[in-house]
Amino acid sequence: MKQYRTHMLVCAGTGCVAAGSFKIKTALEKEIAKRKLQNEVAVISTGCNGFCERGPIVVVQPDGVFYQKLKAEDIPLLVEEHLLKGRPVKKLLYVPPAEAKPVPKMMDIGFFKHQRLIVLKNRGRIDPENIDEYIAFEGYQALEKALTEMTPEEIIREVKSAGLRGRGGAGFPTGRKWEICSKIPGNSKYVVCNADEGDPGAFMDRSILEADPHAVLEGMIIGARAIGATQGFIYVRTEYPLALHRIRIAIKQAEEYGLLGSDILGTGFDFSIEVKRGAGAFVSGEETSLLAAIEGKIGIPKQRPPYPVQKGLWKKPTNINNVETWANVPHIILRGAEWYSEIGTEGSKGTKIFSLVGKINNTGLVEVPMGITMKDIIYEIGGGIPNNKKIKAVQTGGPSGGCIPKRLLDLTIDYESLKQAGSMMGSGGMIVMDEDTCMVDVAKYFMNFLRDESCGKCLSCREGTQRIWEILDNITKGRGVAGDIGLLEELAAATKDASMCGLGQTAANPVLSTLKYFKDEYEAHIKYKKCPAAVCKQIISSPCQHTCPIDTEAPQYIAYIAHGQFDKAYDIILKDNPLLNVCARVCHHPCETKCRAGQGGKPIEIRALKRAAIEYSNGKKHISKKKQPTGAKIAIIGSGPSGLMAGYALANKGYAPTIFEALPVAGGMLAVGIPEYRLPQKALEEDIKRIVRAGVEIKTDQKLGRDFSIGQLLKQGYRAIYAAIGAHKSIKLGIPKEEMSGVIPAMEFLTKISLGEKIDVGGRVGVIGGGNSAVDAARVANRLPGVKKVTIIYRRTRNEMPAYAEEIECALEEGIDIQFLTAPTEIAVDDGYITGVKCTKMELGAVDESGRRRPIPIKGSEFVVELDTLISAISEQPDISFLGDDHDFEISGWNTFVVDRETLATNVPGVFAGGDAVRGPSSVIEAMADGKKAAEAIDQYLRRKEIEFEYSVTRPSVYVEPVKLTIKETLESTRQEPRKLETKKRSNNFQEVDLGLSKTAAVKEARRCLRCDLEVKEQDEKERR
Amino acid sequence: MINFILNGLEVQSEEGSTILDACKFYGIEIPTLCYYEGLSPYGGCRLCLVEIGNAENSRLVSSCTYPIEEGLIVRTNTKKVVSARKMMIELLLSICPQSKTIQDLASKFHVTSVRFPVRHEDCVLCGRCVRMCKEQMQGGAIGFTARGNKKKIETPFNIKSDECRLCGGCIYVCPACQLRCQGPDAPTDVCSGCLALEPTCIQTHDDYQCWMGTTGDCGTCEGRPDQTKKIDKR
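Residue numbers (my numbering), protein chains in the order written: chain X, 1 to 1025; chain L, 10001 to 10234.
Honestly, the hints are just simulated from the structure, not real lab data. Each residue gets a CB set at the ideal place from its N, CA and C atoms; glycine is no exception. Misleading hints may appear alongside valid ones.
Claimed, not checked - Calculated cross-link-like contacts (lysine-lysine; reagent style BS3-like; alpha-carbon spacing at most 27 angstroms):
id : chain 1 : residue 1 : chain 2 : residue 2
1  : X       : Lys297    : L       : Lys10151
2  : L       : Lys10080  : X       : Lys516
3  : L       : Lys10079  : X       : Lys516
Unchecked claim - Reference listing, derived: stretches of chain L covered by chain X, where coverage requires no fewer than 3 residues with Cβ under 8 angstroms from a Cβ of chain X:
id : region
4  : 10032-10046
5  : 10053-10064
6  : 10080-10090
7  : 10148-10162
Whole structure, please, built from the sequences with the hints as guidance.
This is the structure:
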């Protein structure tokens, strides 16, 4: 072999080829020739590297440097910098997600570092179309040992004691299967390699065949020797042209070298292998179907017994194993069963290859030792979930498998534990799912696959999968009825028990497993007509409207803005939302997190457009004349968003609501929690005025417990009570000396500032916490005269801070220092007053159940942050001191009211509760949704005592005509962001920071909307016909 | 002779017989549909299921295809068998309620409702016609095509077959071609179930009081639950 100083290994697995790796190879060869390096640098194309997310990939050896996502234009720079000047090109290296520095060496990258390559040891290292390279890396040495030094019985014994189990899915002990087959008398026996790999999303076998085909051949020859077979077949699905191409070349080369055919290695052993192609049926992966297909018959499973090892191909003993199983064999023979059985767990030895796909940062092919936890695969190797989304479940085993929910991520990967959890190992497909995945839709997807792929012989499988699919289809279209879940379970049991082959027997697994762990999603779809992931189109219409807790018809008001009709847009908003000025400024816009334009692009500025509709319409003059309340008296405690919304809704229904507010101003958190620069008092007052004119009475300075009690209200003739007292009490830090002067709870701080009361704040202010109240307190403190420096102390990283991202950004803009990974341990005092806070630095440890890495203190890293004032803002709870000692209410461990989830009724008849008082610190819009629901519940309660809500699928009240965009506009449109007050203009005042969109920008942004609602409108019309 | 255990009894059968053969010999009733005396067994309708093996590792197999083995433990009416059987009948009803064969199975095995949208097709893919044509009539004109929910029985490429001699054997054995009676409750998915009914009039009269035997029009039959049950249509 010619010696080169450097090898450029270009990944040529199907994934990278599709991304253009052959072009990269040509570009490399050209450039290298241009620079006259062709005698020093070799360019070799190898099989799949596994890190398919990052293709095209080039690995430089012997440096071990890993280049990814290459384009042909990058090559001249790469050759110049790395090959001539010896400097790896930084911008072409891999940067782990959420980090800044690139990792140049392949073996330092988390994805590769934590894998254990045995079967895939040659991947990305050799040219799979060159047998010499395979031989150079110990290739065919195991074969030599097996044929010349071992008897067939010894080979079987070795494979048995290694504990190798079938990698195709069922996990039957391979050695035992070989033993049974070998003991059956007869001269004609067969070995078969199952390379049908029908599971959607699985490409393990494809990668092995493309990267290292000789490994499979070697395993098969050894197996044939052990069993006494003379002919072998490799059944490859037609959909793998590259794998077919490479295995055929490998066979030819092996034959040329005397490793296949007659008298192998001169030992007198004859064995040849033929390649058979599949014809596009998932069921032919089932062993009896596969054998029928090889025989030229239609691929339909046969009853077992007789098993293939007894009567297989042409009724002769046949041993079938999966590609990965065969590829394990040479390693067991070469290194011994003892070495092999040290890897893995007690019941599952060796390694397993998984195709890690779905919502994961590092999509690709991984080989890991059995016994590794699911968590390590997802986070250490997989790099976690992209876009900061929360993981929901991991699907393993393909259509025959099931889901492992996020709370079981500590599961160790082995055959038994996966089965116990209701899933199975399967062939190794691993699909990661996040909060945007609908589990009912997943079950439907797999069912659709199975009803198509069922061979159709057994009534239970053919009709079972069809009927299960029909029910799931109905559920995802909002047509589910009570009883569906029971029927699904019955059908699933029947399909499972009554079917003859593995396909039918496992066909119900997707449904059974999703029902086991995600029954609430099914119930949401069936009873409440809600798809929490906002996927099922016929239920959600548009994801923004569906996700909005108060059902705001966003696509319609956005469409009106696109047409320039701001008045009509305003009407749509006002229809459902009396607190529109508030929401247009402070709503945390859950709609935008599900916006389809945001998938692969930037979401529409739904909130900013709401503000634009208000600002550029004449609608605000719409405030109606004050109505006189006529109906029953209802008492509402708390004038926050929840109470205000409830009051408005009740007044519109004809009731006479009175809101009792403890503070001197109305608005609750809106008035005293959210600072002026986010929500100007004027905007809030406009909305409150509207609510009052609708017929709501607000009495301020009325504190529950001090000025009145719930019992008194009932005696005074209030027919129902809605307790919306919010969560205004900051909880304690729980560190020594926090009672000292100078330590202020965040809510007290914010409230006093809002009410204009005096408060002592020193020059250096610290804030403990990472939520919205912490950032609000910090930004407020930063604006006070006399405050020189504000520091936020948070125990985790920026990525994990629960405060809204836009708030954190503004805080940093305004010069606030955020100390991440820092936790307070004790208040530093001198003379009874605070001088600072003792802190310790934290580092991120293992991932906990929430999917976040738990911070652990770094020993010896204690330091003091010097402060004059410390604000504690770690969380809030409702202040239930008014309840006294003997009350009837059911209260949770977090001091919140316990209520019926559907009706918001407390256990005391006539008293309802909602908002933060029930949820703990939550959001404005969710509090408003509770207020709306409570009003409905109270109305039903008063009219007929039985509260029963009817639920329907989401639809807008009107469809606005879409605007027509030119292609140019579509390609060029970008997200229009609202203007912000310049940072330097924000110091020492409370001027509003968000200045909104200009009129033209608003129209432009509105025209970007994808109008998801129109697709469903079309479906509805089609169904009606 | 092979010894095995059938419903707790130690029995014997000839080598080569199936569980169904043995059950028939010993008088144990097993419902069948795709099985037809004289034709090879198919094992597709999944009605003849029995539970084999001991309780922890038991599984259901089609008795018409499963060969008896020495020491095999067979139980024909376990809870699992009965509920699988009833679901199979319910599925059959939802495909082809107009078949008398299927309606008789329903009434015999107490299937009284169909919870799936009824398709009113005229084929349940039992394959009797295929086997009749090929094995008995030496024709081989029809066979299964496609797979899964698109599976059909037709001539190759669905064109007129030169092999078909119009013998009518396929129609003769077809369960869907044996139409149900048009008696009371004719349009319902589950018929009145003449098989399952025991009129009480015979206790007070010398003969049955209605010529159909079972309509209850005379009013002496005790309240029949299936006559008042309305089918869940969706």
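These are the hints, each one checked on the structure:
With a CA separation close to 17 angstroms, the supplied pair Lys297 (chain X) and Lys10151 (chain L) stays within the 27 angstroms bound. Of the supplied pair hints, the one linking Lys10080 (chain L) and Lys516 (chain X) holds, its CA atoms being roughly 21 angstroms apart against a limit of 27 angstroms. Taking the CA atoms of Lys10079 (chain L) and Lys516 (chain X), the gap is about 23 angstroms. The hint holds against a cut of 27 angstroms. Three residues within the 8 angstroms Cβ limit are the bar, and the region 10032-10046 of chain L against chain X gives 5, so the coverage statement holds.
Under the rule that three or more residues need a Cβ within less than 8 angstroms of chain X, the assignment of the region 10053-10064 of chain L holds, with 4 such residues. Counting residues of the region 10080-10090 of chain L whose C-beta lies closer than 8 angstroms to any C-beta of chain X gives 5; at least three are required, and the coverage claim holds. A stretch counts as covered by a chain when three or more of its residues have a beta carbon under 8 angstroms from one of that chain; for the region 10148-10162 of chain L and chain X the count is 4, and the coverage holds.
Violated hints for the displayed structure: none, as all numbered hints are satisfied.
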